[in-house]
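Same order as they appear, the protein sequences are chains A and B. Sequential numbering of the first sequence, starting at 190, is according to the working numbering. Sequential numbering of the second sequence, starting at 190, is according to the working numbering.
Source of the hints: derived by calculation from the structure; they are not laboratory data.
A pair holds if it fits inside one copy or across any two, identical chains being indistinguishable in the list.
Okay, derived cross-link-like pairs now, SDA-like style, lysine to any residue, Cα gap no bigger than 25 Å in a straight line: (1) K231 - T378; (2) K300 - L278; (3) K231 - S340; (4) K371 - Q463; (5) K259 - E212; (6) K231 - L278; (7) K445 - V228; (8) K445 - I224; (9) K370 - D223; (10) K473 - I408; (11) K242 - N344.
On a predicted model such as this, the values are computed, not experimentally measured, just so you know.
There are 2 protein chains.
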Amino acid sequence: MEKMGLISMELKPYLYERISLVESELEKIMPSEDIYPSVIHKAMRYSLFAGGKRLRPILCLAAAEAVGQKYESLLPVACALEMLHTYSLIHDDLPAMDNDDYRRGKLTNHKIYGEGISVLAGDALLTYAFEILSRFSENYSDKQSALQVMSEIANSIGTMGMIGGQVVDIQSEGKNIAIDKKCLTYVHTHKTGALFRVALRAGAILSSAKTKDLENLTIYAEKFGLAFQITDDILDVIGEEDKLGKSVGSDAKNYKATYPALYGLDESKQLAQQAINEAIEALKCLSGYVLPLELMVRYLYSRES
Amino acid sequence: MEKMGLISMELKPYLYERISLVESELEKIMPSEDIYPSVIHKAMRYSLFAGGKRLRPILCLAAAEAVGQKYESLLPVACALEMLHTYSLIHDDLPAMDNDDYRRGKLTNHKIYGEGISVLAGDALLTYAFEILSRFSENYSDKQSALQVMSEIANSIGTMGMIGGQVVDIQSEGKNIAIDKKCLTYVHTHKTGALFRVALRAGAILSSAKTKDLENLTIYAEKFGLAFQITDDILDVIGEEDKLGKSVGSDAKNYKATYPALYGLDESKQLAQQAINEAIEALKCLSGYVLPLELMVRYLYSRES
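Isolated chain A, as found in the complex (with noise of 0.2 Å):
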């Protein structure tokens, strides 16, 4: 717990500091709550300005970081990346699927603006998500480049990644039964797993990062995406619930398959630690500065929220 506590130290004000230029950005870019039609750009706001820890845009930063390039040009991808996060978010609480009344401690966007402006919310962000990744590639030097990343970027989030872990996961709920273990693999390498994976791989393709170096992210993205879910796992098991903004034990009363669930806390917890480690052995062979995505994928371990 002290290592834990003297990795903190170090990994918060990076994380603030990245914390506030991407919600600076994405202050710049949102369209503001006064304009025509107001309830939606104010519903927009609502969820994207919701104490998000903004891990999507920060590691697509850090990859560029991490292959040794300049990470500043890239703050309209990292908002695209949070945009998209944050429109599956909202669909994901509406009544139709996971029915969830409180999000990070604050009422879902559904509860304050209803569910036909939320599920408009949600379009409105992913579309914009896209002006957003179009607008950047319309300014790009290297538009092939650029144009792979948006390909990548909604393949990730479509019915072969985000949507299709939803899918899965929403129809294993309805039937009130638990998942195996092949299953909830599948859940979580698609519907958190993929967009993580593609944040990095945006931040390291726009940053051209060589063939081998693009390999390693993506396998520290795949591995950190998966100690991800684990604790995320363990902390609806043994989490607090105002650190959390939302009920403990929820994904146990909802039939959700979780690692605690299928594997055991302890084993769980090992999974974790190992999935830790190779994402921490991935990053070995990058020459860039590294040391704020071994810090972050550390963290997991020892989160609270």
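Put chain B on the given structure of chain A with help from the hints.
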């Protein structure tokens, strides 16, 4: 009427040929139903192949011909426009929005697949449209134009376009009062007009249209959209249910503002005819094959569904 009959005889084979072309391409590029997770691909295909008139893709291809270019290579873009249109219909029909049980005489998506999968099927069509557009652009020689098209499309279907129109539409419905003329114009130009407009512009821009030609096609598109909406409203008052595939008078029942309600039936017909004349006028300076665009906008006046 005899004249309309003649026009129809010219237009029909053209439309059938184009519909068949668009549907073959859609069949080719859409994930097949047996790809895991099967239910989402079934739901996407259910609405995509539910008998749409394919107006937006056909207009996109016709714009290329109108400036003297080949249209075949633009088929993926045309299909992406149809996916975007279909996504908007699936979400509009949801209980939280218009709550429609039937569209084109068939049960709506959520009546078959449930609300959760329907939200995701809409999301997936929206996402896949951008994947197709990105992949098209990766292989298209003039990447700057392809990216301009992509950002125009995203803008046209976002909160400054289609979603904006839908927001104002559902908000005015909730109030149970008829909206005024200014508001009616806003809803129609945004909810329906914006996608028609960008469909034609996309075809023209990707055919390297001269500035003046692009301007004229934009005017045509705006007038087409207006004539489409007025005649759509008129059909809701005087149409035949079995041809429409939905209940006649449903707009009035839902307190929807329509042209006949705000302008009267006779003036609405005059406004439609005027828009059609202006659309045809805009085609006069174009050097390519404009007959299909002329026939299509003329057809709006005599359509029965």
